[in-house]
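Visitor: Following the hints, complete the assembly by docking chain X onto the known chain V.
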Amino acid sequence: MKRYLSHPFWQGAIVVVASYVAFEYVIGYALPVIGVASAPVPSSVILEYMLIVLVGILLYMSADEERWQRFREPIRATMVRRDRRTLRGILMVAIPVVIGWLAYERVKPSYAAPATLRAVHPAPPNQLTFRGETIELTGLENPLHEEGSMAEHLAAGKRIYVRNCVPCHGDLLDGQGHYAPAFNPVPADFTSSGNLPQLTESYVFWRIVKGGPGLPREGTPWDSAMPAWEQVLEQNDIWAVILYLYDQTGFTPRTWEEEGEGGHE
Amino acid sequence: MRALRRMAVAVPALVAAVVPAVAGQEDAAAAGRVVYDRWCAECHGETGQGDGSAAASMLPRPRDFTQALYQIRTTGSGQLPTDADIRFAIENGLPGTTMPGWPNLTDREIDDVIVYLKSFSRFFGQGPAPEPLDFGSDPGGGPAAIEAGAAAYLTMLCEECHGLSGRGDGTSAPTLEDWRGLPIRAADLTEAWVLNGGSSVEDMHTRMLTGLDGTPMPSAIDAMNSGVVSPDEVWQLSHYLASMGPREMPPLREVIRVGRAEDGLPADGAEEAWAGVEAFYFPMSGQVVQVPRNFAPTVDGLWVQGLHDGSDIALRVQWNDPSNSPDPNWDEWQGKITAALDLDGAAPIALDSAGAPAARPPDAVLLQFPFELPEGTDRPYFLMGDTREPVYLWTWDSESGVGAGRGRGLGSVEPLEDPVTGAATWEEGRWTLYVRRPIEVEGDGLDFAEGTPAPIAFQAWDGSSAEAGTRSSVSTWYYILLEPPASSTVVVTPLLAMLLTGAFGLVLVRRAQDRRRD
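Going down the list, the sequences are from chains V and X.
So the first sequence is residues 1 to 265, counted in the numbering used here.
So the second sequence is residues 266 to 783, counted in the numbering used here.
Honestly, I wouldn't trust all of these hints.
Said to hold, decoys possible - Derived pair list, reagent style SDA-like, types lysine to any residue, alpha-carbon separation capped at 25 Å:
(1) 108(V) with 744(X)
(2) 2(V) with 16(V)
(3) 2(V) with 83(V)
(4) 108(V) with 544(X)
(5) 108(V) with 748(X)
(6) 108(V) with 767(X)
(7) 108(V) with 753(X)
(8) 2(V) with 73(V)
(9) 108(V) with 360(X)
(10) 108(V) with 576(X)
(11) 108(V) with 754(X)
(12) 108(V) with 40(V)
(13) 108(V) with 25(V)
(14) 108(V) with 50(V)
(15) 108(V) with 47(V)
(16) 108(V) with 516(X)
(17) 108(V) with 424(X)
(18) 108(V) with 526(X)
(19) 108(V) with 638(X)
(20) 108(V) with 639(X)
(21) 108(V) with 23(V)
(22) 108(V) with 574(X)
(23) 2(V) with 20(V)
(24) 108(V) with 481(X)
(25) 108(V) with 20(V)
(26) 108(V) with 41(V)
(27) 108(V) with 765(X)
Claimed, not checked - Just some of the chain V residues that point at chain X, by a computed CB distance under 8 Å:
(28) 112
(29) 162
(30) 163
(31) 167
(32) 225
These aren't lab readings, by the way, just hints derived from the structure by calculation.
Bear in mind the structure is a predicted one, so any value in this text is a computation, not a measurement.
Yeah, the Cβ is synthetic: ideal placement off N, Cα and C, and Gly gets one too.
Isolated chain X, as found in the complex:
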């Protein structure tokens, strides 16, 4: 009886407490909807299914909120995310995908939109609120931890997908699919700036413990519970992952400095000869200027090094590509990419009944120059020139090797008689291309001049991802500069200027003093 009386008091109080909260939730969801419709719906779809009008040109596809499958969480595998997790993704975006961070939204707008996102799925609001995992504490980094982490990388079979050097070229890489059955890449761990969930040691550790739901990336917790690895080893592995490449995208420098090789040019692209040579990084984008466009390119940047000896110039170009195309192991992947991406209505490479592509395009790279050193800043059009002003090309592909050509617009290469030579090797998810040519040539090719910057631009294709023709990665124009020999004017001119000024000053002072004495 007493209990009943207590309830009679408690229930209205509870209702009084809950009703405004629910009403508040409804208001927040309505406000969140306004934000969502304005900024999110075009990709994630009006009903949150990740099927907005632009979704078909995006890979990975926008999140389907009705599934409540979130990659970036602090909660256990298969669990819902916390509100803070969803906020983290909205504020920071998912680097390496088409999802940007949203610094334009206020805290309140983000709160509201989180309420609205959760309303797309019936999974939220059932059961207790999700709780973050206990991540323990970092025992610390350093060379020993990194070495132990490298061992854990193999123990935990990370290399099966991510590859021995972490470039996403493991043997399983061509078979990976997300929960939708769409092809998904194993992350390139050497490019920390495109890791979906951030790149700090803590971020790496969090992603490993939670796994990336909806992708093949599992949680390490089972391996920890069964004693395959210890919690400390997972931290050490995080330190190892964070040591696999630069933390930030290298700053853009517009001019490639080609230094003088005092002991002769390297004969190939092998590591040792190039170890001390400054490397320049150039980010690349999908070719989205002319149709058919490439909205999900494989090659997102390349490294360039150069040396010259006064008569020849040698360049080493390196870029990450998990496949050594053409490779039948990637047939299925190529078919899936072709089927998954909106190719602007272009006829995709036909697939046979087994889903294998009818053609296996090679990997390729173009180095593009004008035919003449420009006077002023005029250059040919950056996308392989045009019919009026063609470009001079150094071409390479994995089937026919190094050559030269004349480009008269995107996709048009006419072979050119030219003494450029070289070769490329593929190792653990990275191409290394070595090209060499005399600085000046007899034929039509560009004559470089020491000390004068020459325009240069790049283009790249990954055959195993059905990249061919206009579906490439591109850059705009940069410069390449051959260092002139050390010149005496650098020392003589300033000295002469100082001497003359000093002497002039002395004369002036002496004359002024003489006049005063007179």
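Here chain V stands alone, though its shape is the one from the complex:
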């Protein structure tokens, strides 16, 4: 075992395999398990990464003459030694077959939908217009924290949520309302740690006021079924719904102080 670990050829092989596992499985599937938002890496990108890894390994190996000789040794031996005839034969067939299969994967007809790279939380504008009235978003706080009774705001927020938002975002606020299956992309899941706790109340306000049509291009505004709620709700209705969302899910919004340090994703 140790003999293999200290041999440059096998070190290179281990790095190749480990990189592939990391790109293919860790980024796409393991990270979400531990709660980090992520998505599978497209195969064309993996191919690119793997080529970079290979070039890196070759550069490293050839930087030192002795290491280079040791690295080449097993390859050379397999190519020339009589006692490795069988292995040589197997590789001479297997490698072309793998290459042929890779080529087939690339040219075979595809019936997959074109990949959409959609920013889930695109950068917000600095200001918005609410039915013609200009509102500065930067530094904007939820005015209901300072006025009236919180219990009443929460009751109002719940009433507005159940009447208007439940069909898509669901009674459980998990984005699985009874209409959710008809929408692509699916409605936002407010119980996910990737949504409400990452956002300021002013950000949520913008997304509710302007909805899908108000998204920038990277948010694929043509796909989103989120209505622009300024046509139905008053500003304080929206602020009340925001209070309800955070209260019912138990999350706390980002504040402008944190915002200054981190900025939006």
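Guide: This is chain X only, laid out in the frame that chain V set:
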């Protein structure tokens, strides 16, 4: 005397046993109230009358707990449910309604909320606890059982409401009302995933024996007792019902594959020609983006099939709609729907003194595309585009047939000169629409390209349920792809790659060996 003495011992013991139980019930009801107020009250109302603030936009309405009328039970018709029955509804929800399952609640919270729900009605706690019926045992399914079940379906007059094919289009369907007098649909038995009480053979059998209290669905027990059907026949009927359509909502596939028709395109939407063609299902939701909204749509999904022959493309679109609108038999239904639903303050279609609607809207469907194949992923807005970026529409309605149009936002269709043709037929609660057009056209319409996915979206209206204008069913964008002709590159390229790699390997090995010999 001895009896008296025995009582003197027994009564305090009884009191000692009952008092903590009652106190426990009170604690549970108080805990249940907290859960209820947090999660249930907005629909079912603070006093349990099913009159919460959102109730008016829901059809069927939320349950009124003061009536103690429960659809989903294991007890006889007209009986109270068991606690397990109420738990079943809370855990699984009522598919096809706005009631979801509640996996967020703990067992304890559900127990508590059941105690609280029951406290809304004085019927609970009187008399003995409700007992489940004896459902007997399933004699087994299979083709013979299903055939016998199909006969029982007619014997028991199921088709009067549910229709011959089970799509909820029976002759009585337009007259059905729930206990409140609100319109209620006969279940579409071909869409098992929206059946209120579950869709397994056992679920079907249970619902038939218990009936759905508060709805027109009766219990089969009278028919069994009077010898109209045997217990085994009711089981066979359950197997038949479970065979009427797919068990689960078909998985969503984003790309409609339009294969090449080697023997020419079908000339219409008739069954045989399309039998072997892959069908794609797209769920649809009420249009709830722009007011007036549609919170209780009729069309909840459609099936799409496509074929092309290199010069023309033909699509078959099918969807279930129990009414062939406009149909005067559904006037009363349309009036009741209009009166029952909160239409966002929109003027409902006026009703005359007899309750008949002043207008009978047609059934309609839109197939929506962009005008150009998109570069990148940019597309027009999914709700019929906007003034900046219009959409290209294939339109159909039951009065004016197939046409084409330009959409500049929800509800705006400007007719377009276009060679799209087709027709639709309605049979037993299902529309079948056939549309055909050259793949490339002279005018403004979208030119499809083989092998390049084109965006497509759908919209549908049921006129008899007062659906018109913005009150429709909608989908977001999907894709449609015309299969390119079989290409030699699929075979040649991999072969070439293999040959080259093999030859390269041979050369490398030969050179290495030569050098060694030198």
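Visitor: Look at each hint and say if it fits the structure.
Guide: Hint-by-hint comparison with the structure:
Between residue 108(V) and residue 744(X) the CA atoms are separated by roughly 19 Å; this keeps the pair inside 25 Å, and the hint holds. Taking the CA atoms of residue 2(V) and residue 16(V), the gap is about 18 Å. The hint holds against a cut of 25 Å. A threshold of 25 Å between alpha carbons decides the hint, and for residue 2(V) with residue 83(V) the separation of about 24 Å falls inside it, so the pair holds. Among the hinted pairs, residue 108(V) with residue 544(X) is consistent with the structure: their alpha-carbon atoms are about 22 Å apart, no more than 25 Å.
About 12 Å separates the Cα atoms of residue 108(V) and residue 748(X), which keeps this hinted pair within 25 Å; it holds. About 22 Å separates the Cα atoms of residue 108(V) and residue 767(X), which keeps this hinted pair within 25 Å; it holds. With a CA separation close to 10 Å, the supplied pair residue 108(V) and residue 753(X) stays within the 25 Å bound. Taking the CA atoms of residue 2(V) and residue 73(V), the gap is near 17 Å; set against the 25 Å cutoff, the hint holds.
A distance of roughly 40 Å separates the Cα atoms of residue 108(V) and residue 360(X); the hinted pair therefore is violated under the 25 Å criterion. About 23 Å separates the Cα atoms of residue 108(V) and residue 576(X), which keeps this hinted pair within 25 Å; it holds. For the hint pairing residue 108(V) with residue 754(X), the CA-to-CA distance comes to about 8 Å; that is within 25 Å, so the pair holds. At roughly 21 Å between alpha-carbon atoms, residue 108(V) and residue 40(V) fall within 25 Å of each other, so this suggested pair holds.
A distance of roughly 24 Å separates the Cα atoms of residue 108(V) and residue 25(V); the hinted pair therefore holds under the 25 Å criterion. Taking the CA atoms of residue 108(V) and residue 50(V), the gap is about 22 Å. The hint holds against a cut of 25 Å. Taking the CA atoms of residue 108(V) and residue 47(V), the gap is about 17 Å. The hint holds against a cut of 25 Å. For the proposed pair residue 108(V) and residue 516(X), the alpha carbon gap of about 24 Å is at most 25 Å, so the pair holds.
For the given pair, residue 108(V) sits about 49 Å from residue 424(X) by alpha-carbon distance, which is inconsistent with the 25 Å threshold. About 20 Å separates the Cα atoms of residue 108(V) and residue 526(X), which keeps this hinted pair within 25 Å; it holds. Between residue 108(V) and residue 638(X) the CA atoms are separated by roughly 22 Å; this keeps the pair inside 25 Å, and the hint holds. About 22 Å separates the Cα atoms of residue 108(V) and residue 639(X), which keeps this hinted pair within 25 Å; it holds.
The suggested pairing of residue 108(V) with residue 23(V) holds, with an alpha-carbon distance near 23 Å, which does not exceed 25 Å. A distance of roughly 21 Å separates the Cα atoms of residue 108(V) and residue 574(X); the hinted pair therefore holds under the 25 Å criterion. The hinted pair formed by residue 2(V) and residue 20(V) meets the criterion: a straight-line CA distance of about 23 Å does not exceed 25 Å. Restraint check for residue 108(V) and residue 481(X): not satisfied, since their Cα atoms lie roughly 55 Å apart, outside the 25 Å limit.
Between residue 108(V) and residue 20(V), the direct Cα distance comes to roughly 23 Å. Compliance with the 25 Å bound is thereby established for this hinted pair. For the given pair, residue 108(V) sits about 20 Å from residue 41(V) by alpha-carbon distance, which is consistent with the 25 Å threshold. Only pairs whose Cα atoms come within 25 Å are accepted, and residue 108(V) paired with residue 765(X) is accepted, the gap being roughly 19 Å. Of the supplied interface hints, the one on residue 112(V) holds, with its beta-carbon coming within about 7 Å of a beta-carbon of chain X, less than 8 Å.
Checking residue 162(V) against chain X by beta carbon gives a least distance of about 4 Å; that is within 8 Å, so the hint holds. Below 8 Å, beta-carbon pairs count as interface contacts, and residue 163(V) has one with chain X at about 4 Å; its hint therefore holds. For residue 167(V), the shortest C-beta to C-beta distance to chain X is roughly 5 Å, which falls under 8 Å, so the interface hint holds. Hint on residue 225(V) holds. Least Cβ distance to chain X is approximately 6 Å, under the 8 Å limit.
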